[in-house]
Each structure stands twice: as C-alpha cells, then as structure tokens.
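**Q** Given only the sequences and the hints, what does the whole structure look like? Please build it.
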Amino acid sequence: MIPAAFDYVRAESAEEAISLIGQHGDEAKFIAGGHSLLPMMKLRLAQPSVLIDIGRLSDLSYIRDGGDHIAIGAMTRHMDVETSDLLEQHVPLLAHAAGHVGDPQVRHRGTIGGSIAHADPASDLPATTLALGATYIAQGPNGTREIAASDFYQTFFESALNADEVLTEIRVPKMNGAGWSFQKFNRRAQDWAIVGVAAWRNGDQAGVGLVNMGATPVLATSVAAAIAGGASVAEAAEQAAADADPQADLNASVEYRQHLARVLTRRALETASA
Amino acid sequence: MEITVTVNGTPQTHDVEPRLLLVQYIREVVGLTGTNIGCDTSSCGACSLHLNGEAVKSCTVLAVQADGQDIRTIEGMAAADGTLHPMQQAFMENHGLQCGYCTPGMVMAATSLLQENPNPTEEDVRLGLEGNLCRCTGYHNIVKSVLAAASANA
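Going down the list, the sequences are from chains A and B.
Using this note's numbering, the final residue of the first sequence is 274, and nothing's skipped along the way.
Using this note's numbering, the final residue of the second sequence is 1154, and nothing's skipped along the way.
These are computed hints drawn from the structure, not numbers from a lab.
Please note that a few of the clues may not be correct.
What the hints assert, rightly or not - What follows is a set of in silico ranges between Cβ atoms, one per label pair, in the way DEER data are often shown:
id: 1; chain 1: A; residue 1: S19; chain 2: B; residue 2: M1001; range: 17 to 23 Å
id: 2; chain 1: B; residue 1: R1135; chain 2: A; residue 2: Q205; range: 46 to 52 Å
id: 3; chain 1: B; residue 1: M1001; chain 2: A; residue 2: T221; range: 44 to 50 Å
id: 4; chain 1: B; residue 1: N1052; chain 2: A; residue 2: D68; range: 31 to 37 Å
id: 5; chain 1: A; residue 1: G229; chain 2: B; residue 2: C1136; range: 52 to 58 Å
id: 6; chain 1: B; residue 1: G1009; chain 2: A; residue 2: L86; range: 34 to 40 Å
id: 7; chain 1: A; residue 1: D204; chain 2: B; residue 2: G1009; range: 58 to 64 Å
id: 8; chain 1: A; residue 1: M1; chain 2: B; residue 2: P1118; range: 34 to 40 Å
id: 9; chain 1: A; residue 1: R145; chain 2: B; residue 2: N1052; range: 29 to 35 Å
C-beta atoms are modelled at their ideal positions from N, C-alpha and C, and glycine is treated no differently.
**A** Structure below.
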C-alpha cells in the first residue's frame, strides 16, 4: 500500500515546525515516529499534502525529574519510556503501559507525544496519562500553554491542540508509592486493547483511565468517587462504565465492552489496593 | 528528495519520492530483496531491519525518514567470508525456519532483542518477538534458536 503523494519537509526545531505548519496550513501534518499516521496514510484514511517531520527534534526527547512530576519530552520513544529508571521509580504505571504499546519494533519508532497528539481512544498512553492526571504542554506561535489531560481529548482523533501548535512535553505527577495496575484485554499479542484499564490507588484516592471505551479516552470519575466515598473495590468497579459511551465493532458489542470495563477495573483496583 | 543512507556499511545516495516506503527503497532501489514484505500493515514483522542498530518495521518508515541513518538488513548479517551470524547459525542448527518467509525479520528482531536483553528467558523471547508472525506456526524452534544464540553469546 502506497500513501498518496505529499511534500516532505524536516523541521530542525519546534519553532521551525510551528512556522512550517503556519505556512502550509490545514493540509499539513506533523509526523514523529509515524506509527499511527503512516498506516492511516497507506490506507488513504489520511492524505496530508505536506508532512512536517518533527522526529529529529532530539531536544524534545528527554525524561526529567520536575520535582512533584516527571517531565517527558514529546519525542521520547515508547521504548525509552518503558525502560526509564526515573519513571520506573516515580511513575511505574506509565513505564509499564508504554511496554504494552504495539511490539518492540513499534516501540523503537513510536513516541509518547505522537500517540497523545493522535488522540486515538484505543491507544494505551492517552488513557494512562489521563488516569495519572497529566498536563500536556503545547507550543504555538505565541508561546506555550498547559492543557490538562482531562481537557485535551475532544472526540475521535481530535484534541484541544490548535492547528498551529505542537505538543512538546508531557508532565506526569509522581505516584508517591501509590498501588497501580494496567489491564489490557486483546485477542492477539500486539493488538490494540478491546478494552484497557489504567488504574492507581493511594488510600481513598484513585484514578482510573479507560482505553477504547468511547470516542475519547475516558476518566472513570464515578469509580474514583466511589473509592473516595468508602466503597469496596467490587462496588466501585461496578461504576466503571458509568462515564463511558462505548461503541460496538467487530471485536465487541457495547454490552461486552461495558462488562469488560467493570471486570478489568475490578482486577486493576484489586492489584492497586494490595 | 535526495537521501543518503548507509546500508550494510555501504553509503548509498538516491533521489526518492517522499512517499517511498523504506522497505520498497531497500528492495527496489538498493536491490536487496532479503527483506520481505508480508502484511504491509506493521503487524507481521517480515520487513524488520535495523535502523541505527534497532529493529524497526520498514513498511512503516519512509525512506526519507531514514536519510542520514545507518541501516542493516539480513544481507549484512553474515561475515564477508560467508560465515553466518551467530543468530543465523542458531536458526540453522535448531530448525528455526520452515518456509523461511518470516526468517529475515525474525533474525533481525531477535538480534535486536539480544542487544537489549542478552540473557532472556523463554518468556522474554516470546514477548520480544510478539511483533513477528510465523505463518508456518514454527514458533517453538524459533524461540529455541534465539535461546541457543543467547547462550552461545554468553
């Protein structure tokens, strides 16, 4: 399968990338690792006329201790997130979830920023960073702004990023020893989740993010509220589908997805509470 | 767009269309057909090669993205005198291939895996090769081959 023809330009800095996207407008797309965009282009589901390659912006590939959070450059590859000692220590849920993205070859190319900006509700890292209460940093022609993960996802493949903005950093609060679990249900090893759950718990505080349970990644606030209100794990997990509006597809009916969300949330919270 | 890449140690410069996939570039422009196209959807791993020393699926990389980078294909694994790479030797000795279509991708993925984890368990090998499908379903001997190559290195 061959993508439709396009022009290719390589940005040498975030500023140049923003200037290039301003110049080329709506028909241009950023490409980082390309592991979400290129498959769509090969299927002609996406036909940008210009690709702006930001994959070489190595100054956006880092994992740093930011005090109360860990700051991750948008061009950090999944493999580097998965194997980061800093994340293993402070945000183990994210490191673990990154190890479930695709397969090793995909993780050598795909980036955390690319995955989040792509805003696919079936991807693992949008829901995981949402569960963790992350903040995303966007840079545009007039400077940078912070976008809470909970305000970022609009609908399928649509985010709060403006057309002339590039995602530069992901800030994830340290977990401070909270228990956690990532549950991914699929039929084949490297598939997307039919339903996935990223969860953490620290006493009466909890965060639960759902993968592939609607048009956006879903923050299961009803589950967290139930935990905060003293509910048992089993009781709280019954609320797992309350905030979600899942769709049926080849793999699962709506009811099956709702059932999976409840079961996987219960399993995740049991592990996170242990 | 003109790109220059190093393929198996040899610099190559070609003018390519931006939409040319790396696997097509390697097979049709460079002329090395050991790298196979299987699913063409980054699922099966048949097109795996090393980009800067790490296994990637070359059906999901543009040739222009590889500009200036180092590429190694299955043709670059054996020594100049024909001595097989230890991973190739292990596949041969352990009957790690049946029809052979997935083999170049398996060898490239497996060598990348051992660079990251030189002493894998059987489970590590199975997880590490999750991105490579063998439609003969010959996984048992593939895993055996990779474990044999790992212990030969140790």
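**Q** So, for every hint listed, does it hold in this structure?
**A** Status of each hint after checking the structure:
no. : hint                           : in the structure
1   : S19(A) / M1001(B): 17 to 23 Å  : holds, 20 Å
2   : R1135(B) / Q205(A): 46 to 52 Å : holds, 48 Å
3   : M1001(B) / T221(A): 44 to 50 Å : holds, 48 Å
4   : N1052(B) / D68(A): 31 to 37 Å  : holds, 35 Å
5   : G229(A) / C1136(B): 52 to 58 Å : holds, 55 Å
6   : G1009(B) / L86(A): 34 to 40 Å  : holds, 36 Å
7   : D204(A) / G1009(B): 58 to 64 Å : holds, 60 Å
8   : M1(A) / P1118(B): 34 to 40 Å   : holds, 36 Å
9   : R145(A) / N1052(B): 29 to 35 Å : holds, 34 Å
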